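Given the coordinates of chain Y, work out where chain S should sit on it, guided by the hints.
Protein chains: 2
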Amino acid sequence: MELETYLKKTAEEVNSLLDDCYGNPKTPLSTAANHLLFAGGKRLRPALFKLAADAVRPGSSKMIMQAGLSLEVTHNFTLIHDDIMDKDEYRRGQKTVHTLWGEPVAILAGDVLYARAFSLICEAESSEPEKVKAVALLAKTCEQICEGQQQDMSFEDLKDVSRHEYLEMVTKKTGVLYGAAAAIGVLLAGGSDAQVDALYNYGCKIGAAFQIQDDIIDLLASSEKSGKDQASDIREGKQTLIAITAREKGIDLKPWRRHLNKDEISSLISMLTDKGVIDAVQNEAEQMITSAIDEISILQDTVEKHLLCELAWFFIRRDY
Amino acid sequence: MELETYLKKTAEEVNSLLDDCYGNPKTPLSTAANHLLFAGGKRLRPALFKLAADAVRPGSSKMIMQAGLSLEVTHNFTLIHDDIMDKDEYRRGQKTVHTLWGEPVAILAGDVLYARAFSLICEAESSEPEKVKAVALLAKTCEQICEGQQQDMSFEDLKDVSRHEYLEMVTKKTGVLYGAAAAIGVLLAGGSDAQVDALYNYGCKIGAAFQIQDDIIDLLASSEKSGKDQASDIREGKQTLIAITAREKGIDLKPWRRHLNKDEISSLISMLTDKGVIDAVQNEAEQMITSAIDEISILQDTVEKHLLCELAWFFIRRDY
Chain Y
25 MELETYLKKT
35 AEEVNSLLDD
45 CYGNPKTPLS
55 TAANHLLFAG
65 GKRLRPALFK
75 LAADAVRPGS
85 SKMIMQAGLS
95 LEVTHNFTLI
105 HDDIMDKDEY
115 RRGQKTVHTL
125 WGEPVAILAG
135 DVLYARAFSL
145 ICEAESSEPE
155 KVKAVALLAK
165 TCEQICEGQQ
175 QDMSFEDLKD
185 VSRHEYLEMV
195 TKKTGVLYGA
205 AAAIGVLLAG
215 GSDAQVDALY
225 NYGCKIGAAF
235 QIQDDIIDLL
245 ASSEKSGKDQ
255 ASDIREGKQT
265 LIAITAREKG
275 IDLKPWRRHL
285 NKDEISSLIS
295 MLTDKGVIDA
305 VQNEAEQMIT
315 SAIDEISILQ
325 DTVEKHLLCE
335 LAWFFIRRDY
Chain S
25 MELETYLKKT
35 AEEVNSLLDD
45 CYGNPKTPLS
55 TAANHLLFAG
65 GKRLRPALFK
75 LAADAVRPGS
85 SKMIMQAGLS
95 LEVTHNFTLI
105 HDDIMDKDEY
115 RRGQKTVHTL
125 WGEPVAILAG
135 DVLYARAFSL
145 ICEAESSEPE
155 KVKAVALLAK
165 TCEQICEGQQ
175 QDMSFEDLKD
185 VSRHEYLEMV
195 TKKTGVLYGA
205 AAAIGVLLAG
215 GSDAQVDALY
225 NYGCKIGAAF
235 QIQDDIIDLL
245 ASSEKSGKDQ
255 ASDIREGKQT
265 LIAITAREKG
275 IDLKPWRRHL
285 NKDEISSLIS
295 MLTDKGVIDA
305 VQNEAEQMIT
315 SAIDEISILQ
325 DTVEKHLLCE
335 LAWFFIRRDY
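Protein sequences appear in the order of chains Y and S.
One gets my numbering by counting positions in the first sequence from 1 and adding 24 to each.
One gets my numbering by counting positions in the second sequence from 1 and adding 24 to each.
None of these hints come from the bench; they were simulated from the model.
Small disclaimer: the values here were computed from a predicted structure and weren't measured.
The C-beta atom is built at its ideal place from N, Cα and C for all residues, glycine as well.
Honestly, I wouldn't trust all of these hints.
[Unchecked claim] Derived BS3-like pairs (lysine-lysine); straight-line CA-CA distance at most 25 Å: (1) Y/LYS273 x Y/LYS262; (2) S/LYS111 x Y/LYS157; (3) S/LYS164 x Y/LYS111.
[Claimed, not checked] Some chain Y residues judged to face chain S by a derived CB distance under 10 Å, without partners named: (4) GLY47; (5) ASN48; (6) ASP110; (7) GLU113; (8) VAL129; (9) GLY134; (10) VAL136; (11) ARG140; (12) ILE145; (13) GLU152; (14) PRO153; (15) CYS166; (16) GLU167; (17) GLN174; (18) SER178.
[What the hints assert, rightly or not] Stretches of chain Y that chain S covers, calculated by requiring three or more beta carbons in the stretch to come under 8 Å of a beta carbon on chain S: (19) 51-62; (20) 209-221.
Only chain Y is shown next, with the shape it has when bound in the complex (with noise of 0.2 Å):
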């Protein structure tokens, strides 16, 4: 099967299991906890959850696809918390929770959401053992998401940030969840301790490249294809892996801090092409990735596990 037939299918798994959970709210504010869940996204948590459980053990992401919504559940807590703290008004084309029910509501709606992550691992058809390290795996990772935050919050303040800190706000911010999505679908599947580690590494190792490549897609996408602001991060002077990479080449990026016209934005794109900032940055993730793919190499050869090594290059081929 083609990932990206594997993943729309997923998706609308994910979807129609969304809806048998949650798609009768009862309180008002269960209706404010489901309004970003059930908005869309592209559902890659579940499905690598998905993967990996199926890599290990052939058919067993269906006794415990349940717990696979947890990480999907668990994501949309962060993006209810982020958005209050971003103040940003539209997420997935809707308005965001805090601007349709004020802050008050957002941070319960996202604290609602936080328990039923923990609810749905309990409820999987799995062993308890495995559920206990899932449990713990997720807590400890959430815990991870907030650092992760706060550190990209306290970045802002900053103007040398090292390629080290900057590598691991991505691996908290974005990695662990993707790590922890692929180790518990391991875990519930009932896979060995070696397996659990080589997917949580996996995903870390994905999900970091994802953000990077996402640093790369801000600059380098156009306003029409990629639907967000084109070089927003040059703009507000974001501490990325570009804006690292060129100061280590000793290029001044702050002239540039300004709004920028198109043929402008195209300029500066030449500009850091020409000094291989461009090219550098996209090695970076390119490692990632076959850093990630080294790892899930204790597989046995499946249908997942191809699957798994085109969703890694997939996380940063994507254009927009």
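Chain S only, in chain Y's frame:
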């Protein structure tokens, strides 16, 4: 042992365990998450956890006290988020987390404690199936607390909250976490299903009565004694059991919805006493305590059972 001594000793034990776990924060976010947790508090939920565990299996709490912290940590997470929603500046005599670090960090600090609460249960030296049940109960409880807080906020726009709605709200907002504290203690100590249910019901009831007593204290206790603004609920037109009972007796509290001086507060208290409002509300709280104590009649006669009865009465006999 007297209850007072028991509570004091347990609070010291809890403080020392919290210090072992989190006393050495490694990140700015950990420091913010610790702020309220280390600012004191009566540690009633871990005390209830411990009493419940030892009541069904003498001495068992020693092995699982780490998990008892989970309830205190959960309570603190809800306080940090509630303080943001209510824009409160002080708590336990200290500035609130959002006042010191801003709302984004306070949201994250609450989220960090939320994660820790689940980690702590996983770390208990208890059987794995019981830990899964405990996690599931804590998750359900957190969702209910959010619903209770949302209901409480929604009451501000309502004039005709019923007795039933009020009791549902306080049970969710305050009761269920005491219920969970007692039930999780029993669960992790290896108690029977009947014991789990009995202690859960006991906890929910004394927690709800605690909240009713809070409403009584708001009206009756002088600012000097309570450290809070006397009669603030009346001034703000809050839907408490006092307001609801007054309305049922045909008393209009609207004229009192303003700043009241000491004499006016005395007149108001006299009027509500004469009309039987205070007695009716106090009776309701007492009935809940009696009913809570009935719930635990299945327990064998132990020091802990005796202390649980005392604790129940303490919840409504405190006068500040």
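Review point. With a cut-off of 10 Å, does the beta carbon of Y/GLU152 approach a beta carbon of chain S closely enough for the hint to hold?
Key: holds, 4 Å
Check your understanding: Should the hint that Y/SER178 touches chain S count as held when the rule is a Cβ pair under 10 Å?
Key -> At about 7 Å, which falls below the 10 Å cut-off, the nearest Cβ of chain S leaves the hint on Y/SER178 intact, so it holds.
Review point. Under the criterion of a CB-CB separation shorter than 10 Å, is Y/GLU167 in contact with chain S as hinted?
Key: holds, 4 Å
Point to revise | Hint validity - Y/VAL136 Cβ closer than 10 Å to any chain S Cβ | key: With Cβ-Cβ at 5 Å, under 10 Å, it holds.
Exercise for review: Against chain S, run the beta carbon of Y/ASN48 and see if the smallest gap drops under 10 Å.
Suggested key: At 15 Å from the nearest chain S Cβ, Y/ASN48 fails the 10 Å test, so the hint is violated.
Check your understanding: Once the shortest beta carbon distance from Y/GLU113 to chain S is found, is it less than 10 Å?
Key -> violated, 16 Å
**Study point:** Stated coverage of the region 209-221 of chain Y by chain S [criterion: 3+ residues, CB within 8 Å]
**Key:** violated (count 0)
Check your understanding: Does the nearest C-beta of chain S fall within a distance shorter than 10 Å of the C-beta of Y/PRO153?
Key -> holds, 4 Å
Check your understanding: Are there three or more residues in the region 51-62 of chain Y whose C-beta lies within less than 8 Å of some C-beta in chain S?
Key -> holds (count 3)
Practice item. Verify the interface restraint on Y/GLN174: the C-beta must sit less than 10 Å from at least one C-beta of chain S. Key: holds, 4 Å
Point to revise | chain S contact restraint for Y/VAL129 - C-beta distance below 10 Å | key: The hint holds - Y/VAL129 has a Cβ within 10 Å of chain S, the shortest such distance being about 7 Å.
Point to revise | Restraint check, 10 Å cut-off on beta carbons, for Y/CYS166 near chain S | key: holds, 4 Å
When held up to the earlier numbered hints, the structure conflicts with 2, 3, 4, 5, 7, 20 and fits the remainder.
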